[in-house]
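Residue numbers (the UniProt record's numbering), protein chains in the order written: chain A, 1 to 358; chain B, 1 to 358.
One or more hints might be untrue.
Since the list can't tell identical chains apart, any single copy or any two copies may satisfy a pair.
[Said to hold, decoys possible] Cross-link-like lysine to any residue pairs, in silico, SDA-like; alpha carbons within 20 angstroms at most: (1) 273 / 285; (2) 100 / 137; (3) 100 / 135; (4) 192 / 226; (5) 337 / 211; (6) 226 / 311; (7) 226 / 304; (8) 337 / 162; (9) 337 / 258; (10) 189 / 275; (11) 189 / 211; (12) 273 / 346; (13) 273 / 118; (14) 192 / 300; (15) 192 / 266.
No wet-lab data here; the hints were simulated from the structure. Given the structure is predicted, the values throughout are model-derived calculations rather than measurements.
Here are the chains, one letter per residue:
There are 2 protein chains.
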Amino acid sequence: SDRQAGQDGRTGESGEETSEFGQLGPVSHGPRLGIGMDSCVIPLRHGGLSLIQTTDFFYPLVEDPYMMGRIACANVLSDLYAMGITECDNMLMLLSISQKMNDKEREHVMPLMMRGFRDAAEEGGTSVTGGQTVMNPWIIVGGVATVVCQPNDFIMPDGAIPGDVLVLTKPLGTQVAVNAHQWMDIPEKWNKIKLVISKEEVEQAYQEAMLNMATLNRTAAALMHKFNAHAATDVTGFGILGHAQNLAKQQRNDVAFVIHNLPIIAKMAAISKAGGNLFGLLQGTSSETSGGLLICLPREQAARFCAEMKASRSSSLGQDGGIGDGQQAWIIGIVEKGNRCARIIDKPRIIEVPPSCS
Amino acid sequence: SDRQAGQDGRTGESGEETSEFGQLGPVSHGPRLGIGMDSCVIPLRHGGLSLIQTTDFFYPLVEDPYMMGRIACANVLSDLYAMGITECDNMLMLLSISQKMNDKEREHVMPLMMRGFRDAAEEGGTSVTGGQTVMNPWIIVGGVATVVCQPNDFIMPDGAIPGDVLVLTKPLGTQVAVNAHQWMDIPEKWNKIKLVISKEEVEQAYQEAMLNMATLNRTAAALMHKFNAHAATDVTGFGILGHAQNLAKQQRNDVAFVIHNLPIIAKMAAISKAGGNLFGLLQGTSSETSGGLLICLPREQAARFCAEMKASRSSSLGQDGGIGDGQQAWIIGIVEKGNRCARIIDKPRIIEVPPSCS
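Bound conformation, chain A alone (with noise of 0.2 angstroms):
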């Protein structure tokens, strides 16, 4: 169904970067990032600007339309968070209507959906100008962002050095607790789990997820500045494993990183288990959407930018009452001497995260 499809898959997930994309254009000034990373940055011919932009789109994996736009463009607008990018230029969105859907669910849908895109677009200081809409069998999307730089707008994602420590912005689990909460109606499957959750606690979990994944990074990349971020990522498709072993990659230093925590929703790590490790959540390689940001801090600057997060508003950056006022943030594992890889330590700490309304 449409809901499965991109869910119980891998493949098709958000944040499945197509790495085929392959070589950089013409060498020429200025940083420039390609292929691999959240962004792509393109040294302009004006004035030492640079474009940035990022596209993402997916499928519906949320069943409240308008939750799923905000995702979608929480999603899109976390790529740009991630390099410490607080502005975004313009956003287009890229939508398919199902063929499947009759007139009635088609104006009732897409409407909301396209409203919580916008909505978020706007939280993020930014709009909607263009975009493209296809008929499709199934639902789609997503969108574009894009913004003009100065150098000192944006963070290259390649400076940590060895004793930075690794802080994570939202917790893990948003795939874990978006599929129980489908098992619900599925007997075979919620057998398996209903031995260490109820169904008011999966309700609760996927609440959680939704509002972590409709949540802007845009506070978190407003304090990389403040506290001197060395390098960060957005954890999406591969999990947090897959994104940490990704930024290890691109940095300059010999480096490697080391994850000790696992901040994970509520009951998540325990379904994980009960489903005989499910989406490999505790190896750090369970997809997620829309998730946090990790980043590389110097280690006396990480306990002040996780107060901050917490004690932030949306607000700060001229909204009042957004979702994800006053974000956890977690510091989950250090930066040492290494040869550019990443690693989680063989048993990570799980930090249970109980549902921030509760």
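Starting from the structure of chain A, add chain B where the hints point.
Just chain B now, with coordinates in the frame of chain A:
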């Protein structure tokens, strides 16, 4: 089937811009163009520069994956060319791989399609630095083109004046040619048109349509500056009349567009008539994919514009031997005083355009 999807139906065709995308962002200085025209124009915070970008994606409509990639790229870039923009700072590729393909088909088709897209981007003096790929029931191919411009780099599509003439830079009939090519294998369809065309002629028209669709409108964009074009658009999903009407609506002056001539790929008018006015080709409503530019030019410049199109080689822009060397262009109508509408006269002259290689 996959191939039918993007062709027989009007919905989801290339060029179906999402007019639902609503109002523009906050008012700011400099020209701004939002929904409805080919590209969006966003004034930047930096020294009078504008961000101009466009996106398009659709389903394959020709059988040759390499040519399909070229067509998709030409179609995306065309929205920039329609504004007289000859450079592109960055492209992203949007792809979906069909689930229905087996590994062998996938490994054959997708690299060729990506190669075609990249080659066309290179011919356009730009490159692809990122994108997104998902799995989907159908193949999708498209992209995003972005440029940062100074005011003189682009021509806002709103300056037509009475006395101008309308020039078209590619013949019409791509949709009819592509469909006729499929109908050769469907007896009940073929029986309707076989009295007016041979299979060999269909094959020729199909090849001609494919070459036209793969041709960049870049030469036309460059010549728009040289010959003081007042406005332009590219002809895609809404057909020549639909796009003429769209362009007319954008005009600052009280003008109307009147089309007298319809240059059409040889025999496609006859097929259209035989099939009962197929797709409304003679009414100007037949979809085109990666069609030509429709340009409002000062009357005294138009003949020279057409002559230079014919004489031009892509090499004048730094490439040589590219598809589309020596393109034909036609004066197809006039701009008169009126209320921002467009029409085709009662019995337009049909110009039969023979295959370019014949």
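Hints, one by one, checked against the model:
1. 273 / 285: within (14 angstroms within a copy, 59 angstroms between copies)
2. 100 / 137: both (7 angstroms within a copy, 13 angstroms between copies)
3. 100 / 135: Answer is both: 10 angstroms inside a copy and 18 angstroms across each meet the 20 angstroms cutoff.
4. 192 / 226: Result: close neither inside a copy nor across copies, 46 angstroms intra and 71 angstroms inter.
5. 337 / 211: neither (36 angstroms within a copy, 55 angstroms between copies)
6. 226 / 311: within (14 angstroms within a copy, 58 angstroms between copies)
7. 226 / 304: Close inside one copy (10 angstroms), not across copies (59 angstroms); limit 20 angstroms.
8. 337 / 162: within (5 angstroms within a copy, 72 angstroms between copies)
9. 337 / 258: Only inside one copy: residue 337 and residue 258 sit 10 angstroms apart there, 72 angstroms across copies, limit 20 angstroms.
10. 189 / 275: within (9 angstroms within a copy, 54 angstroms between copies)
11. 189 / 211: Cα proximity of residue 189 and residue 211: none, with 25 angstroms in one copy and 53 angstroms across.
12. 273 / 346: within (16 angstroms within a copy, 73 angstroms between copies)
13. 273 / 118: neither (38 angstroms within a copy, 45 angstroms between copies)
14. 192 / 300: Intra 44 angstroms, inter 79 angstroms, cutoff 20 angstroms: neither.
15. 192 / 266: within (18 angstroms within a copy, 65 angstroms between copies)
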